[in-house]
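Work the whole structure out from these sequences, hints included.
Top to bottom, those sequences are chains V and L. For the first sequence, position 128 matches number 390 in the numbering used here, and the numbering has no gaps at all. For the second sequence, position 234 matches number 496 in the numbering used here, and the numbering has no gaps at all.
Possibly wrong hints are sitting among the right ones.
Subject to a maximum C-alpha distance of 35 Å in a straight line, what follows is the list of computed DSBU-like cross-link-like pairs (lysine-lysine) [unchecked claim]:
#1 V:271 x L:549
#2 L:535 x V:317
#3 V:434 x L:575
#4 L:316 x L:575
#5 V:283 x L:575
#6 L:339 x V:283
#7 V:283 x L:382
#8 V:352 x V:535
#9 V:283 x L:362
Have a look at the derived ranges for each label pair, beta carbon to beta carbon [to be verified]:
#10 L:363 x V:595: 44 to 54 Å
#11 L:432 x V:624: 13 to 23 Å
#12 V:659 x L:597: 32 to 42 Å
#13 V:532 x L:632: 31 to 41 Å
#14 V:532 x L:442: 48 to 58 Å
#15 L:324 x V:316: 10 to 20 Å
#16 L:439 x V:324: 31 to 41 Å
#17 V:432 x L:609: 24 to 34 Å
#18 L:374 x V:432: 42 to 52 Å
#19 V:386 x L:647: 24 to 34 Å
#20 V:324 x L:324: 43 to 53 Å
#21 L:491 x V:659: 25 to 35 Å
#22 V:582 x L:662: 40 to 50 Å
Think of the hints as simulated: they come from the structure by calculation, not from any bench. We put the CB at the ideal spot given by N, CA and C, even for glycine.
2 protein chains.
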Amino acid sequence: MRQSSLFTKTRREAPSDELAKNAQLLIRAGFVHKEMAGVYAYLPLGIKVIENIKKIVREEMDAIGGSEIIMTALQRKELWEQTDRWDDEKVDVWFKSSLKNGTGVGFGWSHEEPITDMMKSYLESYRDLPAFVYQFQTKLRNELRAKSGIMRGREFVMKDMYSYTKDEAAHKAFYDAAIEAYHNVFKRVGLGDRTYLTVASGGAFTQFSHEFQTLDESGEDVIYVHKEKKIAVNKEVLTDEVLAQLDIKRDELEEAKAVEVGNIFSFGDVKSKQLGLLYTAEDGEQKPVILGSYGIGITRLMGTLVEAFADEKGMVWPEAVAPFRYHLVSLAGSDSDIAAFAEAVYEELADAGQAVLYDDRDLRAGEKFADADLIGIPWRVIVGRDAIPGGQVELVNRATGEVQKLTRQELLAR
Amino acid sequence: MRQSSLFTKTRREAPSDELAKNAQLLIRAGFVHKEMAGVYAYLPLGIKVIENIKKIVREEMDAIGGSEIIMTALQRKELWEQTDRWDDEKVDVWFKSSLKNGTGVGFGWSHEEPITDMMKSYLESYRDLPAFVYQFQTKLRNELRAKSGIMRGREFVMKDMYSYTKDEAAHKAFYDAAIEAYHNVFKRVGLGDRTYLTVASGGAFTQFSHEFQTLDESGEDVIYVHKEKKIAVNKEVLTDEVLAQLDIKRDELEEAKAVEVGNIFSFGDVKSKQLGLLYTAEDGEQKPVILGSYGIGITRLMGTLVEAFADEKGMVWPEAVAPFRYHLVSLAGSDSDIAAFAEAVYEELADAGQAVLYDDRDLRAGEKFADADLIGIPWRVIVGRDAIPGGQVELVNRATGEVQKLTRQELLAR
Numbered sequence: 263m264r265q266s267s268l269f270t271k272t273r274r275e276a277p278s279d280e281l282a283k284n285a286q287l288l289i290r291a292g293f294v295h296k297e298m299a300g301v302y303a304y305l306p307l308g309i310k311v312i313e314n315i316k317k318i319v320r321e322e323m324d325a326i327g328g329s330e331i332i333m334t335a336l337q338r339k340e341l342w343e344q345t346d347r348w349d350d351e352k353v354d355v356w357f358k359s360s361l362k363n364g365t366g367v368g369f370g371w372s373h374e375e376p377i378t379d380m381m382k383s384y385l386e387s388y389r390d391l392p393a394f395v396y397q398f399q400t401k402l403r404n405e406l407r408a409k410s411g412i413m414r415g416r417e418f419v420m421k422d423m424y425s426y427t428k429d430e431a432a433h434k435a436f437y438d439a440a441i442e443a444y445h446n447v448f449k450r451v452g453l454g455d456r457t458y459l460t461v462a463s464g465g466a467f468t469q470f471s472h473e474f475q476t477l478d479e480s481g482e483d484v485i486y487v488h489k490e491k492k493i494a495v496n497k498e499v500l501t502d503e504v505l506a507q508l509d510i511k512r513d514e515l516e517e518a519k520a521v522e523v524g525n526i527f528s529f530g531d532v533k534s535k536q537l538g539l540l541y542t543a544e545d546g547e548q549k550p551v552i553l554g555s556y557g558i559g560i561t562r563l564m565g566t567l568v569e570a571f572a573d574e575k576g577m578v579w580p581e582a583v584a585p586f587r588y589h590l591v592s593l594a595g596s597d598s599d600i601a602a603f604a605e606a607v608y609e610e611l612a613d614a615g616q617a618v619l620y621d622d623r624d625l626r627a628g629e630k631f632a633d634a635d636l637i638g639i640p641w642r643v644i645v646g647r648d649a650i651p652g653g654q655v656e657l658v659n660r661a662t663g664e665v666q667k668l669t670r671q672e673l674l675a676r
Numbered sequence: 263m264r265q266s267s268l269f270t271k272t273r274r275e276a277p278s279d280e281l282a283k284n285a286q287l288l289i290r291a292g293f294v295h296k297e298m299a300g301v302y303a304y305l306p307l308g309i310k311v312i313e314n315i316k317k318i319v320r321e322e323m324d325a326i327g328g329s330e331i332i333m334t335a336l337q338r339k340e341l342w343e344q345t346d347r348w349d350d351e352k353v354d355v356w357f358k359s360s361l362k363n364g365t366g367v368g369f370g371w372s373h374e375e376p377i378t379d380m381m382k383s384y385l386e387s388y389r390d391l392p393a394f395v396y397q398f399q400t401k402l403r404n405e406l407r408a409k410s411g412i413m414r415g416r417e418f419v420m421k422d423m424y425s426y427t428k429d430e431a432a433h434k435a436f437y438d439a440a441i442e443a444y445h446n447v448f449k450r451v452g453l454g455d456r457t458y459l460t461v462a463s464g465g466a467f468t469q470f471s472h473e474f475q476t477l478d479e480s481g482e483d484v485i486y487v488h489k490e491k492k493i494a495v496n497k498e499v500l501t502d503e504v505l506a507q508l509d510i511k512r513d514e515l516e517e518a519k520a521v522e523v524g525n526i527f528s529f530g531d532v533k534s535k536q537l538g539l540l541y542t543a544e545d546g547e548q549k550p551v552i553l554g555s556y557g558i559g560i561t562r563l564m565g566t567l568v569e570a571f572a573d574e575k576g577m578v579w580p581e582a583v584a585p586f587r588y589h590l591v592s593l594a595g596s597d598s599d600i601a602a603f604a605e606a607v608y609e610e611l612a613d614a615g616q617a618v619l620y621d622d623r624d625l626r627a628g629e630k631f632a633d634a635d636l637i638g639i640p641w642r643v644i645v646g647r648d649a650i651p652g653g654q655v656e657l658v659n660r661a662t663g664e665v666q667k668l669t670r671q672e673l674l675a676r
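See below:
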């Protein structure tokens with residue numbers, strides 16, 4: 263893509279009311295637009311990052327048998343009353359409105375209820391189980407405060423998956439597979455080494471739930487990390503009893519701030535009983551389906567990547583999610599030979615299927631480099647004085663600053 | 263995909279409260295789930311059709327210079343007050359709610375206002391123009407009645423595009439390009455021969471707007487079609503004056519019911535003036551940006567395809583949008599040789615990158631065929647008695663019923 267055709271521009275300053283580093287950088291670089299506190303639109307560069315993250319998550323969810331669906335924002339009051347989660351005293355993040363005939367409706371802040379209710383149409387016998395469904399859904403939550411940029415929004419994208427199994431053994435098998443799939447996701451987006459499977463409090467059904475916590479100063483959570491065992495314990499369950507259960511000593515743990523990028527938990531048969539999701543077992547008996555729930559905050563993950571990798575010059579995207587792989591910067595100025603060389607490099611990379619942002623704008627080198635640093639594409643290809651007659655480009659790694667001189671052929675061969 | 267792993271099932275009956283043919287068939291076949299009137303979730307087969315339609319629309323919008331973005335559901339009251347479209351007397355489809363601090367918010371039923379307001383951050387000079395942006399957005403509209411299935415929903419997916427140009431000439435050039443792109447979209451999804459560019463009433467700025475109307479009995483609109491000239495006139499502008507302008511005689515027109523699958527219109531400089539989207543022209547003067555708006559109802563288009571092509575046995579998907587290209591039906595029964603043959607055909611087609619739904623279920627042939635007819639995948643591949651020892655499969659065209667006998671090699675070579 264030619265940068266001259268990108269309608270967004272970089273800015274020197276973030277809006278004064280934006281406190282979070284992730285949103286400051288994303289707004290300055292033109293990835294997102296702030297509609298109101300906690301509500302962001304995603305612009306061409308931002309939507310590419312979102313789609314790259316979704317692609318990785320989709321592949322990992324499909325690999326463990328997930329089927330993609332998409333539920334609705336509009337929610338029926340009666341349904342949520344059945345599980346006692348309609349009342350604002352019980353759930354304090356509802357946005358509510360009403361149909362023309364006065365019927366109350368809510369806007370989906372979570373989707374266990376409608377998916378589980380829908381499943382009553384499809385899961386009738388043990389032969390229909392297990393079933394694993396997931397969606398990428400825009401959640402709407404009426405948060406009191408929203409000051410963490412895209413990491414805690416009033417409107418945000420979440421991948422939520424639900425498992426429907428016939429018994430505890432089948433549930434446990436999928437739960438464990440989901441843990442592996444989640445590890446794969448965080449590894450692939452570049453956060454593997456700082457993301458910890460974290461023991462957290464369970465609900466009515468199980469003692470524990472599990473969070474995936476990424477160590478970062480921007481995090482709202484405090485966890486206790488066992489680096490050697492590569493697990494962590496959430497503050498809320500840090501008791502001697504739990505430590506003994508996990509075979510961990512208190513002095514082996516390090517306190518750290520972290521971002522909850524994923525969570526998985528068991529609903530057991532509670533919700534199935536409330537909503538009447540029963541199946542006919544092999545023995546002819548009617549039994550409640552066992553439900554598990556598995557979330558990854560897609561936009562939060564994007565914000566976490568900004569927080570985790572940004573430096574003083576701007577963002578640094580891991581290659582797997584970057585909006586483009588290469589940022590081709592032409593320093594041709596008025597030299598038409600260098601300009602033609604840069605055009606040729608752009609065409610070659612594009613023809614080879616590489617994602618390239620081509621800075622073809624008529625600006626000074628310093629401005630172009632500042633923009634490129636801010637935008638944070640992993641590999642910068644500089645076409646300048648070495649191009650003619652030397653035929654070389656400079657390849658700069660955004661994360662390390664390392665510079666290599668390459669010919670066009672060597673660049674293409676990478 | 264193995265049909266045994268699909269959690270949805272077909273049903274003989276549609277819900278009794280569902281009046282629209284499109285929703286009846288989509289629900290019976292397991293493509294969609296009705297959450298409430300006019301509000302549908304999309305299940306694995308349904309989401310594939312949506313994504314196929316979006317892919318075609320995305321390619322055509324990108325081809326004319328569109329940049330994809332995604333705006334927000336939550337809308338600021340103050341913004342819509344600036345254009346006098348907040349009041350329920352002026353816009354009667356708002357869903358409204360409020361933040362914890364009492365600030366009123368609405369849910370996006372349209373997005374001209376927020377996109378145009380956002381553009382004030384990016385379009386400052388004639389050098390920044392033109393800009394063309396589009397999104398696939400879930401629109402929320404508080405419709406009084408919703409009884410046309412997925413063709414008029416309270417929650418639906420729309421592609422809306424906006425053009426920002428510096429003058430009428432640039433606007434007209436893009437407007438014409440958009441008409442061509444829209445024709446391409448409707449041609450590619452299989453509705454080209456029954457979709458008419460239709461002259462409709464304009465707004466404050468232009469005499470006419472343009473609709474794309476697909477002839478179908480399920481349509482809510484009445485248009486007057488000039489088959490030879492391949493254009494139509496909406497009832498609302500059918501006057502002698504307009505006919506004279508278009509050089510059409512009244513007796514050359516045929517009245518027909520039609521579905522509005524797309525529309526394009528000019529806002530002129532009205533909204534830019536209201537919201538203060540001004541640019542500095544070449545001569546240094548501040549001028550309002552010219553705005554055009556271009557919509558395609560993605561879910562409505564999906565419903566229209568069902569209505570247009572379904573027969574008494576079920577749906578008939580055009581190849582470009584079908585959830586799968588092939589429906590492989592194994593009639594192996596207890597014959598393990600035929601079963602192995604079917605498995606091999608499945609693997610071969612899948613390896614060749616073909617999208618195949620493989621009916622590997624243990625059901626009678628009649629049930630499998632009834633399901634396949636209902637689901638409506640374009641090509642059915644039947645593996646039955648001709649497989650062993652003849653090595654042949656039957657290829658049946660869902661639309662025409664035409665049958666061919668092919669070897670596996672011949673099937674793969676298609």
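Each hint, compared with the structure:
no. : hint                      : verdict
1   : V:271 x L:549             : holds (20 Å)
2   : L:535 x V:317             : violated (40 Å)
3   : V:434 x L:575             : violated (42 Å)
4   : L:316 x L:575             : holds (27 Å)
5   : V:283 x L:575             : violated (57 Å)
6   : L:339 x V:283             : holds (27 Å)
7   : V:283 x L:382             : holds (23 Å)
8   : V:352 x V:535             : holds (19 Å)
9   : V:283 x L:362             : holds (25 Å)
10  : L:363 x V:595: 44 to 54 Å : holds (52 Å)
11  : L:432 x V:624: 13 to 23 Å : holds (21 Å)
12  : V:659 x L:597: 32 to 42 Å : violated (60 Å)
13  : V:532 x L:632: 31 to 41 Å : holds (38 Å)
14  : V:532 x L:442: 48 to 58 Å : holds (56 Å)
15  : L:324 x V:316: 10 to 20 Å : holds (19 Å)
16  : L:439 x V:324: 31 to 41 Å : holds (37 Å)
17  : V:432 x L:609: 24 to 34 Å : holds (27 Å)
18  : L:374 x V:432: 42 to 52 Å : holds (50 Å)
19  : V:386 x L:647: 24 to 34 Å : holds (33 Å)
20  : V:324 x L:324: 43 to 53 Å : violated (26 Å)
21  : L:491 x V:659: 25 to 35 Å : violated (60 Å)
22  : V:582 x L:662: 40 to 50 Å : holds (45 Å)
When the structure is compared with the earlier hints, violations turn up for hints 2, 3, 5, 12, 20 and 21 and for no others.
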